[in-house]
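Engineer: We have chain A already, so just place chain B on it with the hints.
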Amino acid sequence: MAALLEVEGLSKSFGGLAAVRNVSLSLGPGEILGLIGPNGSGKTTLLNLIAGTLRADAGSIRLNGEDVTRMPNHLRARGRINRTFQIVRVPPNLPAIAAVMAGTLFGGEPVPYKKAAYEAAGIMGELNLLLKADRRLDQLTYIEQKRVELARALATRPRVLLLDEWLSGLGSGELEGSMSVVWSLAAQGIAVILVEHVMTAVRSLCGRVVVMNAGAKIAEGPPAQVLRDPEVIRAYLGDEDA
Amino acid sequence: MRVALAIAALTLLVAALSAAPWFVSDYGLAFLINLMCYVVLTVAWALFSGTTRYVSLATSAFFGVGTYAVAMLIKVMPIYAIFAVALVLGTALSLLVGMVTLRISGMFFVIFGFGLSEMIRELMVWWEINKTHTMGRYVFVPFDNTLIYEHLLALAVLVFLVGYAVRRSRLGLALLVIGDDETVARQVGINVPVVKVAMFVVSSVFMTLVGAVMAPRFGYINPNFAFNPLISFQVVIMAFLGGMQRLWGPVLGVIPLVVLSELLQVQFPYWFSILLGLVFMAIVYVLPRGVTGLVEDGWALLGRRMTLPRGSIGSLVEIVSWLFRPLVPSRGISERLATAWGRLKRRQGA
Numbered sequence: 001m002a003a004l005l006e007v008e009g010l011s012k013s014f015g016g017l018a019a020v021r022n023v024s025l026s027l028g029p030g031e032i033l034g035l036i037g038p039n040g041s042g043k044t045t046l047l048n049l050i051a052g053t054l055r056a057d058a059g060s061i062r063l064n065g066e067d068v069t070r071m072p073n074h075l076r077a078r079g080r081i082n083r084t085f086q087i088v089r090v091p092p093n094l095p096a097i098a099a100v101m102a103g104t105l106f107g108g109e110p111v112p113y114k115k116a117a118y119e120a121a122g123i124m125g126e127l128n129l130l131l132k133a134d135r136r137l138d139q140l141t142y143i144e145q146k147r148v149e150l151a152r153a154l155a156t157r158p159r160v161l162l163l164d165e166w167l168s169g170l171g172s173g174e175l176e177g178s179m180s181v182v183w184s185l186a187a188q189g190i191a192v193i194l195v196e197h198v199m200t201a202v203r204s205l206c207g208r209v210v211v212m213n214a215g216a217k218i219a220e221g222p223p224a225q226v227l228r229d230p231e232v233i234r235a236y237l238g239d240e241d242a
Numbered sequence: 001m002r003v004a005l006a007i008a009a010l011t012l013l014v015a016a017l018s019a020a021p022w023f024v025s026d027y028g029l030a031f032l033i034n035l036m037c038y039v040v041l042t043v044a045w046a047l048f049s050g051t052t053r054y055v056s057l058a059t060s061a062f063f064g065v066g067t068y069a070v071a072m073l074i075k076v077m078p079i080y081a082i083f084a085v086a087l088v089l090g091t092a093l094s095l096l097v098g099m100v101t102l103r104i105s106g107m108f109f110v111i112f113g114f115g116l117s118e119m120i121r122e123l124m125v126w127w128e129i130n131k132t133h134t135m136g137r138y139v140f141v142p143f144d145n146t147l148i149y150e151h152l153l154a155l156a157v158l159v160f161l162v163g164y165a166v167r168r169s170r171l172g173l174a175l176l177v178i179g180d181d182e183t184v185a186r187q188v189g190i191n192v193p194v195v196k197v198a199m200f201v202v203s204s205v206f207m208t209l210v211g212a213v214m215a216p217r218f219g220y221i222n223p224n225f226a227f228n229p230l231i232s233f234q235v236v237i238m239a240f241l242g243g244m245q246r247l248w249g250p251v252l253g254v255i256p257l258v259v260l261s262e263l264l265q266v267q268f269p270y271w272f273s274i275l276l277g278l279v280f281m282a283i284v285y286v287l288p289r290g291v292t293g294l295v296e297d298g299w300a301l302l303g304r305r306m307t308l309p310r311g312s313i314g315s316l317v318e319i320v321s322w323l324f325r326p327l328v329p330s331r332g333i334s335e336r337l338a339t340a341w342g343r344l345k346r347r348q349g350a
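In the order they appear, the protein sequences are chains A and B. Positions 1 to 242 (this note's numbering) are the ones given, in order, by the first sequence. Positions 1 to 350 (this note's numbering) are the ones given, in order, by the second sequence.
What the hints contain is simulated information worked out from the structure, not anything from laboratory work. A few of these clues could be false.
Claimed, not checked - To give an idea of the chain B side of the interface with chain A (calculated C-beta under 7 Å), a few residues:
| hint | residue |
| --- | --- |
| 1 | Ser169 |
| 2 | Arg170 |
| 3 | Leu173 |
| 4 | Leu176 |
| 5 | Val177 |
| 6 | Asp180 |
| 7 | Asp181 |
| 8 | Val184 |
| 9 | Arg186 |
| 10 | Gln187 |
| 11 | Val188 |
| 12 | Gly189 |
| 13 | Ile190 |
| 14 | Asn191 |
Claimed, not checked - Cβ-Cβ distance ranges computed for the label pairs, FRET-style:
| hint | chain 1 | residue 1 | chain 2 | residue 2 | range |
| --- | --- | --- | --- | --- | --- |
| 15 | A | Asp57 | B | Leu96 | 40 to 46 Å |
| 16 | B | Leu5 | A | Asn128 | 37 to 43 Å |
| 17 | B | Leu96 | A | Glu66 | 30 to 36 Å |
| 18 | B | Ala6 | A | Asn128 | 33 to 39 Å |
| 19 | A | Ala224 | B | Ile104 | 49 to 55 Å |
| 20 | B | Ala340 | A | Gln139 | 39 to 45 Å |
| 21 | A | Leu131 | B | Ala8 | 36 to 42 Å |
| 22 | A | Gln139 | B | Arg168 | 21 to 27 Å |
| 23 | B | Leu337 | A | Ser172 | 35 to 41 Å |
| 24 | B | Arg168 | A | Glu8 | 43 to 49 Å |
| 25 | A | Glu126 | B | Arg168 | 23 to 29 Å |
| 26 | B | Leu5 | A | Leu131 | 46 to 52 Å |
| 27 | B | Arg343 | A | Asp138 | 31 to 37 Å |
For every residue, glycine included, the Cβ atom is placed at its ideal position computed from N, Cα and C.
So that you can see chain A by itself, here it is in the shape it has in the complex (with noise of 0.2 Å):
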């Protein structure tokens, strides 16, 4: 499968702190791939990176062979990669349909004017989000909340989607609806990396995992595989429990 994004060498550090060290990583489209690592291990460093939200101070990002590494992040987020933040980002004050009409207004196939409404209704139906369509974010639920941002996400029409704990908080019923959301979201096509904490969700879901610890990256592959690796079970629990 011929990569879609392919990040090589990322690197960024706060002042001392090495957030990520040298991190590379390859995807392919309709693919899942799971970030998973202990807290402050940099999975949502690495995903402001090749987001755009934060600039790489190493390495390179490519999407389909384009180099992206210094393209803006409003640049980024038109057709190309586009992503969920940990605590939802939704204008807090705007109806939910405003945000997801910006997004079909000025992303990867900006649609006139007059149409925007019809076609974000259109993303926020097959999300179940029609009748939420003129709410504010507080006044919606938290799995709505979620839902109103991956709306957002993806009426910019992304080929990358970048899903930051989108599946964590959630009830058991309401984690198997939107398990299938992402499903059937690379069903189309769409890669999508999945940073989450909910197991479950990274071992049906995700063909790969990459595990992050302390901002690099250390061990890649299937998700039974990848969780019986020692170095794993020593980022996770400490190494006299390996």
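Structural biologist: Same frame as chain A, now just chain B:
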């Protein structure tokens, strides 16, 4: 039909307003000029600051540039040519300021706007004293109060038309999203700096033109008068008082405050500034969350009601949700009767 009616009503209103100079006294006209001046300034201010929530205190800087351009050039150019110069100057200055400052946010932007106005004023004072040796200039042109008023009215119509068009465009939605959350705005592909600078320029050009049109009204102009920071503060207070969730919202703040400052000026000419200051303080204090700071808390208060303009979107959302309402079992009369009946039977059973 409703649209046609609204257009007819608005046209009538504008016609009535433009005929006003021939029906009111000189004092009345002076009052109307003052009113119209602040209407344009405040609506233009709200165009940028109301949507992006960057509170700008640079109003007096742009107003002053317009006024002072007329003062300096009136001897060498016809007045309409100076309006064109003011337009160019306003655009250039706002582009420069926009590109430099819109990366800074919050309080810093507020202070910068204030500082900009003061800086240009001091610069002009220095220039006039050291280079031209003329402190204070006279503007005597055949541009009477009626003409000034009609020009301001035209600007008012224009600023409303621009605001109306922006609110129903991609740009308007982009501004709303930027005002609510800039990170999200970038994440949906909006080029945040370009949108902000574009709107800042549009807003500032209106302020510059108002300053230019108002210049003949003053007659005698010096830098301290043209770059009067009070204008900036008044505009902010008026916009906050009127509210910015509707395009015409600021007007509701302009009318009472212009009337009030007029009354104060007539009744207590020596205490005017102090009383106006007290009134401002009262307004700020009355805003429920206005204790820690006017800006932040004013926004929090107004922001709650900040919604998308009810244009095609609002009605579409309504239609869509109406269409899908049958999916939710509605509690009709029959169902209410059934529950009432059930309750009655249960009570009889017990």
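Engineer: Please go over all the hints and tell whether each is borne out by the structure.
Structural biologist: Cross-check of the supplied hints:
no. : hint                               : result
1   : Ser169                             : 6 Å, holds
2   : Arg170                             : 5 Å, holds
3   : Leu173                             : 6 Å, holds
4   : Leu176                             : 6 Å, holds
5   : Val177                             : 5 Å, holds
6   : Asp180                             : 3 Å, holds
7   : Asp181                             : 5 Å, holds
8   : Val184                             : 5 Å, holds
9   : Arg186                             : 4 Å, holds
10  : Gln187                             : 5 Å, holds
11  : Val188                             : 4 Å, holds
12  : Gly189                             : 4 Å, holds
13  : Ile190                             : 5 Å, holds
14  : Asn191                             : 5 Å, holds
15  : Asp57(A) to Leu96(B): 40 to 46 Å   : 32 Å, violated
16  : Leu5(B) to Asn128(A): 37 to 43 Å   : 39 Å, holds
17  : Leu96(B) to Glu66(A): 30 to 36 Å   : 34 Å, holds
18  : Ala6(B) to Asn128(A): 33 to 39 Å   : 37 Å, holds
19  : Ala224(A) to Ile104(B): 49 to 55 Å : 51 Å, holds
20  : Ala340(B) to Gln139(A): 39 to 45 Å : 31 Å, violated
21  : Leu131(A) to Ala8(B): 36 to 42 Å   : 37 Å, holds
22  : Gln139(A) to Arg168(B): 21 to 27 Å : 25 Å, holds
23  : Leu337(B) to Ser172(A): 35 to 41 Å : 38 Å, holds
24  : Arg168(B) to Glu8(A): 43 to 49 Å   : 45 Å, holds
25  : Glu126(A) to Arg168(B): 23 to 29 Å : 27 Å, holds
26  : Leu5(B) to Leu131(A): 46 to 52 Å   : 32 Å, violated
27  : Arg343(B) to Asp138(A): 31 to 37 Å : 35 Å, holds
In summary, the numbered hints that this structure violates are 15, 20, 26.
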